[in-house]
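Chemist: Could you put the whole structure together from the sequences, leaning on the hints where they help?
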Amino acid sequence: MINSTVTELSAALAAKQVSSVELTRLFLDRIKGLNGQLNAFISLDEKHSLAQALVADERRSRGQAGPLTGIPIAHKDIYCTKGIRTTCGSKMLAAFDSPYDAHVIERFGAAGAVLLGKTNMDEFAMGSSNETSHFGPVRNPWDLNRVPGGSSGGSAAAVAARMAPAATGTDTGGSIRQPAALTGVSGLKPTYGVVSRYGMIAFASSLDQGGPLGKSAADLALLMNAMAGFDARDSTSLERPAEDYTRELKLGLKGLRIGLPKEYFGEGLEPDVRARVTEAVRWFQEQGANTIEITLPNTGLAVPVYYVIAPAEASSNLSRFDGVRYGHRAKDYADLNDMYRRTRAEGFGTEVKRRILIGTYVLSHGYYDAYYLQAQKVRRLIAKDFSEAFSRCDVIMGPTAPSTAFALGAKTDDPVQMYLNDIFTIPAPLAGLPGLSIPCGFDAKGLPVGLQIMGNHFAEAKMLGVAHRYQQATDWHLRAPKEAPL
Amino acid sequence: MSLTPDQLQRIAHLARIAVTPQEAPGVTDRLNQVLGLIDQLQAVDTRGIEPMAHPLDAQQAVQQRLRPDAATEPDLRAAFQAVAPAVEQGLYLVPKVIE
Chain A
1 MINSTVTELS
11 AALAAKQVSS
21 VELTRLFLDR
31 IKGLNGQLNA
41 FISLDEKHSL
51 AQALVADERR
61 SRGQAGPLTG
71 IPIAHKDIYC
81 TKGIRTTCGS
91 KMLAAFDSPY
101 DAHVIERFGA
111 AGAVLLGKTN
121 MDEFAMGSSN
131 ETSHFGPVRN
141 PWDLNRVPGG
151 SSGGSAAAVA
161 ARMAPAATGT
171 DTGGSIRQPA
181 ALTGVSGLKP
191 TYGVVSRYGM
201 IAFASSLDQG
211 GPLGKSAADL
221 ALLMNAMAGF
231 DARDSTSLER
241 PAEDYTRELK
251 LGLKGLRIGL
261 PKEYFGEGLE
271 PDVRARVTEA
281 VRWFQEQGAN
291 TIEITLPNTG
301 LAVPVYYVIA
311 PAEASSNLSR
321 FDGVRYGHRA
331 KDYADLNDMY
341 RRTRAEGFGT
351 EVKRRILIGT
361 YVLSHGYYDA
371 YYLQAQKVRR
381 LIAKDFSEAF
391 SRCDVIMGPT
401 APSTAFALGA
411 KTDDPVQMYL
421 NDIFTIPAPL
431 AGLPGLSIPC
441 GFDAKGLPVG
451 LQIMGNHFAE
461 AKMLGVAHRY
471 QQATDWHLRA
481 PKEAPL
Chain B
1 MSLTPDQLQR
11 IAHLARIAVT
21 PQEAPGVTDR
31 LNQVLGLIDQ
41 LQAVDTRGIE
51 PMAHPLDAQQ
61 AVQQRLRPDA
71 ATEPDLRAAF
81 QAVAPAVEQG
91 LYLVPKVIE
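Heads up: the sequence lines are chains A and B, in that order.
Numbering of the first sequence is given in the working numbering, commencing with residue 1 and proceeding in unit increments.
Numbering of the second sequence is given in the working numbering, commencing with residue 1 and proceeding in unit increments.
Because the hints were derived from the structure by calculation, they are not lab data.
Among the clues, some could well be false.
As the list claims (entries may be wrong) - Taking lysine to any residue pairs in the SDA-like style, the calculated list, with each CA pair at most 20 Å apart, reads:
1. A/377 with B/57
2. A/462 with B/96
3. A/377 with B/73
4. A/82 with B/37
5. A/262 with A/293
6. B/96 with A/332
7. B/96 with A/333
As the list claims (entries may be wrong) - Using C-beta positions, here's what the derived DEER-type ranges look like:
8. A/410 with B/78: 46 to 54 Å
9. A/51 with B/25: 50 to 58 Å
10. A/25 with B/44: 54 to 62 Å
11. A/335 with B/75: 25 to 33 Å
12. A/17 with B/14: 21 to 29 Å
13. A/287 with B/25: 52 to 60 Å
14. A/410 with B/25: 35 to 43 Å
15. A/286 with B/2: 51 to 59 Å
16. B/63 with A/82: 49 to 57 Å
As the structure is a computational prediction, the values presented were derived from the model and not from experiment.
For every residue, glycine included, the Cβ atom is placed at its ideal position computed from N, Cα and C.
Modeler: Below, the structure written as structure tokens:
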């Protein structure tokens, strides 16, 4: 049952083969057995989870169950939850009890899903390896000496290690897709504005977007049906009619136009990653899809643009952590300014402070035009590259990350090397576009490789259909790591 | 472009983050690495390009949604203050700012 997809668990619940309480207990036991090794979860509340499961079972017995009723789902600890602490991976919020639930938490609650626990993450979602968490690194279930990727590393590791059937994450520059690729699970970053950011602790507001992680594309579609939708409390939430994200799962592949950007297959790509992605693309060609070589000429500028815009927005968003209204406050200080300075020096970790300082610099007098405004202009060039590409193709395929999972500590001393690891995931959010990562095989070390599928704005259903067709013919997404037995 | 020690302290002051003299050299080194990365943008010709502040502004008219001018938020002061480091009589306490 731990290896089942959400779709299968939903059928098992409907057929009364298992109850939500039994299912929830099964995964809670698995978490307790594995979390010491993997550190994928920050907080659990068994009583709360089992009480929700009981309510779900009662709802089902009244004939009011939906597809997610009774399904346990893990949530990234960036989503505010009333009654269970919300840390955002930071000392600043290590004891923070949110007075309200995030919109995404409300939506899963309304669907009858069970909150299984809060997953570990890079501090304030700033990182690509889950090593910046105040609560320690998450380990990759495929190799405990390697990182699971980040920042939604706990969610990805939890799904990979079968500690949760599915999980939520957030993606600013790749934080859903890159950990999905490094742990062999599926993950979707939706179009900007599709999932409400209300109660999702802000990092970079023009980029942040919540999304699901799970075993299969079909599961992601089910989760999207619950997560997506208009919310007046997020000023950038889009007012669009509700979508059924499962509607294109039977998509025909004949004639599908797949764009292959040459910049995504250049130097610096690990040979095994290139080989697995190329094999996956060949499978689509065999099904009658047409591949078109395209160019996204400004790809190389995406990382520099991102490291101006994201830190600039972060420096503004994180100014709210001042030791006055919530979170950590320093014990000793001379005056108000000193209280701010010490509170923030103590409460934030190295990477978060680095990004706040960069953001402060690029927004400061005399540098704003040269850095921030210039980055916003280059951002438009990157978005134009995509809109030209999507006039010629339906989806774009390439690697999610240039390499498979790297060793713990390998890049912690060199921020620029860590940042460049996100070269293929950063462009889509800069253009507000959706991106999906699905497993497409393994390298010689037995580590999972991710295939990235990008689509035009609001093309999630089609992208999920493309991925689902691949997953019907392959079983990469169903492989489970051997390092994390139980 | 490289940061001088004075510039670092100036930014740290603006960001309200204490950087100790012991930390300063390491922090400066890493910041300079990142500034080296973002300096690549200076070479790009962006004449005539509009800055992009909203990721969907090329797809649709992006404007702030308006709502009727009516109170919609319930009074949650007690709940919000319950998570504050220091409150008294419904007020947030901070160190004295006026002598």
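Chemist: Give a verdict on every hint.
Modeler: Do the hints match the structure? See the list:
Proximity of residue 377 of chain A to residue 57 of chain B is assessed by CA-CA distance (about 13 Å); at most 20 Å being required, the pair is judged to hold. Proximity of residue 462 of chain A to residue 96 of chain B is assessed by CA-CA distance (about 58 Å); at most 20 Å being required, the pair is judged violated. Between residue 377 of chain A and residue 73 of chain B the CA atoms are separated by roughly 38 Å; this puts the pair beyond 20 Å, and the hint is violated. Distance restraint check for residue 82 of chain A and residue 37 of chain B: the Cα-Cα separation of roughly 40 Å exceeds the 20 Å cut-off, and the hinted pair is therefore not satisfied.
Using a Cα cut-off of 20 Å, the hinted pair residue 262 of chain A and residue 293 of chain A holds, with the two alpha carbons roughly 7 Å apart. Of the supplied pair hints, the one linking residue 96 of chain B and residue 332 of chain A holds, its CA atoms being roughly 14 Å apart against a limit of 20 Å. Among the hinted pairs, residue 96 of chain B with residue 333 of chain A is consistent with the structure: their alpha-carbon atoms are about 11 Å apart, no more than 20 Å. A hinted range of 46 to 54 Å holds for the C-beta pair residue 410 of chain A and residue 78 of chain B, which are about 48 Å apart.
Between residue 51 of chain A and residue 25 of chain B the CB atoms are about 53 Å apart, so this pair conforms to the stated range of 50 to 58 Å. The supplied range of 54 to 62 Å is met by residue 25 of chain A and residue 44 of chain B, whose beta-carbon atoms lie about 56 Å from each other. At roughly 32 Å, the beta carbons of residue 335 of chain A and residue 75 of chain B sit within the given window of 25 to 33 Å. The beta-carbon spacing between residue 17 of chain A and residue 14 of chain B, approximately 60 Å, falls outside the hinted interval of 21 to 29 Å.
At about 57 Å, the CB distance of residue 287 of chain A to residue 25 of chain B agrees with the hint of 52 to 60 Å. In this structure the supplied range 35 to 43 Å is violated for residue 410 of chain A paired with residue 25 of chain B, their Cβ-Cβ distance being about 24 Å. Checked against the hint of 51 to 59 Å, the pair residue 286 of chain A and residue 2 of chain B passes, with Cβ atoms roughly 53 Å apart. For the hinted restraint 49 to 57 Å between residue 63 of chain B and residue 82 of chain A, the CB-CB distance of approximately 32 Å leaves it violated.
Of the hints listed earlier, those the structure fails to meet are numbers 2, 3, 4, 12, 14, 16, in rising order.
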